[in-house]
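Participant: Sequence:
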Amino acid sequence: MILIIPILLGLLTKKFLPKTTAKIVKPIRILSAIIFAAFLLIALFANFQIFLNVIYKVFLYVFLMNAVGFLLGYYFSKLMRLDERDSRCISIETGIQNSGLGLVLIFAFFEGQGSMAIIAATWGIWHAIAGVTLAWFWSKKTSTLKT
Numbered sequence: 001m002i003l004i005i006p007i008l009l010g011l012l013t014k015k016f017l018p019k020t021t022a023k024i025v026k027p028i029r030i031l032s033a034i035i036f037a038a039f040l041l042i043a044l045f046a047n048f049q050i051f052l053n054v055i056y057k058v059f060l061y062v063f064l065m066n067a068v069g070f071l072l073g074y075y076f077s078k079l080m081r082l083d084e085r086d087s088r089c090i091s092i093e094t095g096i097q098n099s100g101l102g103l104v105l106i107f108a109f110f111e112g113q114g115s116m117a118i119i120a121a122t123w124g125i126w127h128a129i130a131g132v133t134l135a136w137f138w139s140k141k142t143s144t145l146k147t
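Quick note: the sequence shown, position 33, residue 33 per UniProt numbering, numbers continuous.
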């Protein structure tokens with residue numbers, strides 16, 4: 001239900017209220033980024049000592065999982081003969097798993113256990129940094145892709 005309701009609301013709004021959707025899409029994106037950042041910061045600051053104790057154990061796995069996601073998404077798309085634009089999109093989507101959802105589930109079902117929240121927060125922060133960096137790199141590498 002955590003995902004179904006917002007997705008359905010978005011689809012229905014886009015279908016039946018396209019003018020409203022066009023007006024609110026940018027503010028909603030900004031608001032969702034702020035909420036996501038707030039979740040991450042709250043989890044981090046509420047459990048900062050745990051973060052300091054586990055970051056060196058967790059970060060390598062987070063980094064490797066992220067890198068493998070980017071690489072598999074990109075090269076599997078190429079193997080499926082998708083064009084460069086689609087391969088890049090799939091790479092980023094595969095590389096950035098839903099950390100915000102992870103935090104929501106941790107707080108909803110596991111009483112916000114500190115070490116679990118730290119893993120999701122670390123994951124989310126790194127994935128945001130890595131995804132934006134990869135998108136920026138690709139945007140500078142070529143601007144001749146069809147959109």
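Hints are supplied without guarantee of correctness; some may be wrong.
[Stated by the list, open to error] Derived Cβ-Cβ restraints for the label pairs, each shown as a range:
(1) Pro18 <-> Val132: 22 to 32 Å
(2) Ile24 <-> Phe48: 33 to 43 Å
(3) Phe109 <-> Val54: 12 to 22 Å
(4) Leu60 <-> Phe36: 19 to 29 Å
(5) Lys57 <-> Thr21: 38 to 48 Å
[Unchecked claim] Using 35 Å as the maximum straight-line C-alpha spacing, the simulated DSBU-like pairs for lysine-lysine come out as follows:
(6) Lys14 <-> Lys140
(7) Lys140 <-> Lys19
(8) Lys141 <-> Lys14
(9) Lys140 <-> Lys57
(10) Lys23 <-> Lys57
(11) Lys23 <-> Lys140
(12) Lys57 <-> Lys19
(13) Lys141 <-> Lys78
(14) Lys26 <-> Lys14
(15) Lys57 <-> Lys141
(16) Lys15 <-> Lys26
(17) Lys14 <-> Lys57
(18) Lys26 <-> Lys140
(19) Lys141 <-> Lys26
(20) Lys15 <-> Lys57
(21) Lys14 <-> Lys78
(22) Lys23 <-> Lys141
Calculated from the structure, these hints are not laboratory results. Please read these numbers as outputs of a predicted model, since none were measured by experiment. Quick reminder that beta carbons are idealized off the backbone N, C-alpha and C, glycines included.
Participant: Which numbered hints are broken by the structure, listed smallest first?
Facilitator: 10, 12, 17, 20
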